[in-house]
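Student: Residue numbers (my numbering), protein chains in the order written: chain B, 1 to 198; chain E, 1 to 66.
Treat the hints with care, since some could be wrong.
[Unchecked claim] Think about it this way: if two alpha-carbon atoms lie no more than 25 Å apart in a straight line, the pair counts; the simulated SDA-like pairs of lysine to any residue are:
{"no.": "1", "chain 1": "E", "residue 1": "K30", "chain 2": "B", "residue 2": "D96"}
{"no.": "2", "chain 1": "B", "residue 1": "K76", "chain 2": "E", "residue 2": "E34"}
{"no.": "3", "chain 1": "E", "residue 1": "K30", "chain 2": "B", "residue 2": "Q101"}
{"no.": "4", "chain 1": "B", "residue 1": "K76", "chain 2": "E", "residue 2": "Q6"}
{"no.": "5", "chain 1": "B", "residue 1": "K70", "chain 2": "B", "residue 2": "S99"}
{"no.": "6", "chain 1": "E", "residue 1": "K30", "chain 2": "B", "residue 2": "I180"}
{"no.": "7", "chain 1": "B", "residue 1": "K76", "chain 2": "B", "residue 2": "S2"}
{"no.": "8", "chain 1": "E", "residue 1": "K30", "chain 2": "B", "residue 2": "S99"}
{"no.": "9", "chain 1": "E", "residue 1": "K30", "chain 2": "B", "residue 2": "E102"}
{"no.": "10", "chain 1": "B", "residue 1": "K153", "chain 2": "E", "residue 2": "E34"}
{"no.": "11", "chain 1": "B", "residue 1": "K76", "chain 2": "B", "residue 2": "D87"}
{"no.": "12", "chain 1": "E", "residue 1": "K30", "chain 2": "B", "residue 2": "D50"}
{"no.": "13", "chain 1": "B", "residue 1": "K153", "chain 2": "E", "residue 2": "A41"}
{"no.": "14", "chain 1": "B", "residue 1": "K70", "chain 2": "B", "residue 2": "D92"}
{"no.": "15", "chain 1": "B", "residue 1": "K132", "chain 2": "E", "residue 2": "G25"}
{"no.": "16", "chain 1": "E", "residue 1": "K30", "chain 2": "E", "residue 2": "D45"}
{"no.": "17", "chain 1": "E", "residue 1": "K30", "chain 2": "E", "residue 2": "A55"}
{"no.": "18", "chain 1": "B", "residue 1": "K132", "chain 2": "B", "residue 2": "D115"}
{"no.": "19", "chain 1": "B", "residue 1": "K153", "chain 2": "E", "residue 2": "G37"}
{"no.": "20", "chain 1": "B", "residue 1": "K153", "chain 2": "E", "residue 2": "Q6"}
{"no.": "21", "chain 1": "E", "residue 1": "K15", "chain 2": "E", "residue 2": "G43"}
[Stated by the list, open to error] Which stretches of chain E does chain B cover? Using the computed rule of at least three CB atoms under 8 Å from a CB of chain B, they are:
{"no.": "22", "region": "21-34"}
{"no.": "23", "region": "41-54"}
In short, the hints are calculated from the structure, not lab data. All C-beta atoms in this analysis are idealised placements derived from N, C-alpha and C, irrespective of residue type, glycine included.
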Amino acid sequence: MSANTYLTPEERAVLELARVGIAGAGGLGSNCAMHLVRAGIQHLTVVDFDVVNESNLNRQFFFRDQLGQKKVEALKENLLRIDPDADIRAVDMQLDASSAQEVFADCDIVVEAFDVVDAKVMLVSSFASSGKKLVTASGLAGWGRSNEMRVRKMGNIVAVGDGETSVGESAAPASPRVGIAAAMQANSVVAMLLGEEL
Amino acid sequence: MKINYQGEPVDTTAKTVAEFLSARGVDPAKAIVEYGGEVYAPGADLSALALVDGASLDVFKMTAGG
Chain B
1 MSANTYLTPE
11 ERAVLELARV
21 GIAGAGGLGS
31 NCAMHLVRAG
41 IQHLTVVDFD
51 VVNESNLNRQ
61 FFFRDQLGQK
71 KVEALKENLL
81 RIDPDADIRA
91 VDMQLDASSA
101 QEVFADCDIV
111 VEAFDVVDAK
121 VMLVSSFASS
131 GKKLVTASGL
141 AGWGRSNEMR
151 VRKMGNIVAV
161 GDGETSVGES
171 AAPASPRVGI
181 AAAMQANSVV
191 AMLLGEEL
Chain E
1 MKINYQGEPV
11 DTTAKTVAEF
21 LSARGVDPAK
31 AIVEYGGEVY
41 APGADLSALA
51 LVDGASLDVF
61 KMTAGG
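Start from the sequences and build out the full structure, keeping to the hints where you can.
Tutor: Okay, here's the thing in structure tokens:
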């Protein structure tokens with residue numbers, strides 16, 4: 001039984017059968033996974049190679065006592081606290097275009113949740129011609145400008161964020177705006193699975 | 001000619017999508033481009049994609065952060 005007691009039997013049947021892949025367990029991926037499990041998704045494949053650092057705690061779904069842990073293992077722990085029955089496949093590896101296709105082969109939808117542009121480009125390019133649904137995010141740095149965050153459907157790709165703002169010297173990643181993007185990614189995934197409007 | 005760029009009407013003298021995006025400082029290697037109902041992945045060759053009056057061009061720039 002999923003964590004969401006508000007689901008209709010029809011919604012539950014769809015969400016509990018789906019598997020969602022998440023590439024990256026940082027600000028986007030960890031928060032997107034949290035929203036998906038709370039929404040009723042029970043099968044996740046989460047991939048990351050990094051460990052939880054002090055600098056992650058301003059926005060990522062980890063806690064101080066998890067510093068130094070592998071992100072995928074720490075995230076699995078946290079997600080299982082929300083839904084002990086969830087099936088979380090935690091994959092500790094650095095993805096490339098080829099391995100991403102293999103790791104996410106049985107996923108209905110994949111979420112691009114990397115922070116480095118080259119990795120984002122790699123994943124989008126890898127899935128653009130595959131036809132598999134991919135939800136990517138860019139343009140989430142800084143504060144304010146919530147109304148500039150939007151969802152665009154471009155073929156089999158759903159792109160969320162303002163599509164402009166880059167994390168750098170003038171704009172840091174912070175919980176509110178990264179969280180908006182992560183929630184928009186999760187919302188898009190659930191909407192697509194349920195056949196709802198994006 | 002006039003095209004719809006990011007949902008807004010824009011006047012341009014550019015002949016191709018690549019030329020138009022270059023003039024606006026958009027790097028196609030780091031952007032998803034939708035033009036004429038087709039979606040082009042980052043890095044796609046847009047140099048032979050002719051701009052047509054009234055066409056719609058949408059771009060999603062991929063930027064750092066997550």
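Student: All the hints need checking, so say for each whether the structure fits it.
Tutor: Here is how each hint holds up against the structure:
Of the pairs offered as hints, the one joining K30 of chain E and D96 of chain B holds, with about 17 Å between alpha carbons and a cut-off of 25 Å not exceeded. Only pairs whose Cα atoms come within 25 Å are accepted, and K76 of chain B paired with E34 of chain E is rejected, the gap being roughly 36 Å. A distance of roughly 20 Å separates the Cα atoms of K30 of chain E and Q101 of chain B; the hinted pair therefore holds under the 25 Å criterion. A hinted pair counts as satisfied when its Cα atoms are at most 25 Å apart, and K76 of chain B with Q6 of chain E does not qualify at roughly 39 Å.
Annotation: proposed proximity of K70 of chain B to S99 of chain B holds, straight-line Cα distance about 20 Å (limit 25 Å). Only pairs whose Cα atoms come within 25 Å are accepted, and K30 of chain E paired with I180 of chain B is accepted, the gap being roughly 22 Å. This hinted pair checks out: K76 of chain B and S2 of chain B have alpha carbons roughly 15 Å apart, not beyond 25 Å. The hinted pair formed by K30 of chain E and S99 of chain B meets the criterion: a straight-line CA distance of about 21 Å does not exceed 25 Å.
Proposed proximity of K30 of chain E and E102 of chain B is supported: the alpha carbons are some 24 Å apart, at most 25 Å. Among the hinted pairs, K153 of chain B with E34 of chain E is consistent with the structure: their alpha-carbon atoms are about 10 Å apart, no more than 25 Å. Between K76 of chain B and D87 of chain B, the direct Cα distance comes to roughly 9 Å. Compliance with the 25 Å bound is thereby established for this hinted pair. Restraint check for K30 of chain E and D50 of chain B: the C-alpha separation of about 24 Å stays at or below 25 Å, so the hint holds.
The hinted pair formed by K153 of chain B and A41 of chain E meets the criterion: a straight-line CA distance of about 13 Å does not exceed 25 Å. With a CA separation close to 8 Å, the supplied pair K70 of chain B and D92 of chain B stays within the 25 Å bound. About 30 Å separates the Cα atoms of K132 of chain B and G25 of chain E, which puts this hinted pair outside 25 Å; it is violated. With a C-alpha separation of about 12 Å, the suggested pair K30 of chain E and D45 of chain E falls inside the 25 Å cut-off, and the hint holds.
With a CA separation close to 22 Å, the supplied pair K30 of chain E and A55 of chain E stays within the 25 Å bound. Of the pairs offered as hints, the one joining K132 of chain B and D115 of chain B holds, with about 21 Å between alpha carbons and a cut-off of 25 Å not exceeded. The suggested pairing of K153 of chain B with G37 of chain E holds, with an alpha-carbon distance near 11 Å, which does not exceed 25 Å. Restraint check for K153 of chain B and Q6 of chain E: satisfied, since their Cα atoms lie roughly 13 Å apart, inside the 25 Å limit.
Straight-line distance between C-alpha atoms of K15 of chain E and G43 of chain E comes to about 19 Å, which keeps the hinted pair within the 25 Å bound. Beta-carbon proximity to chain B at under 8 Å applies to 4 residues in the region 21-34 of chain E; the threshold of 3 is reached and the given coverage holds. Three residues within the 8 Å Cβ limit are the bar, and the region 41-54 of chain E against chain B gives 3, so the coverage statement holds.
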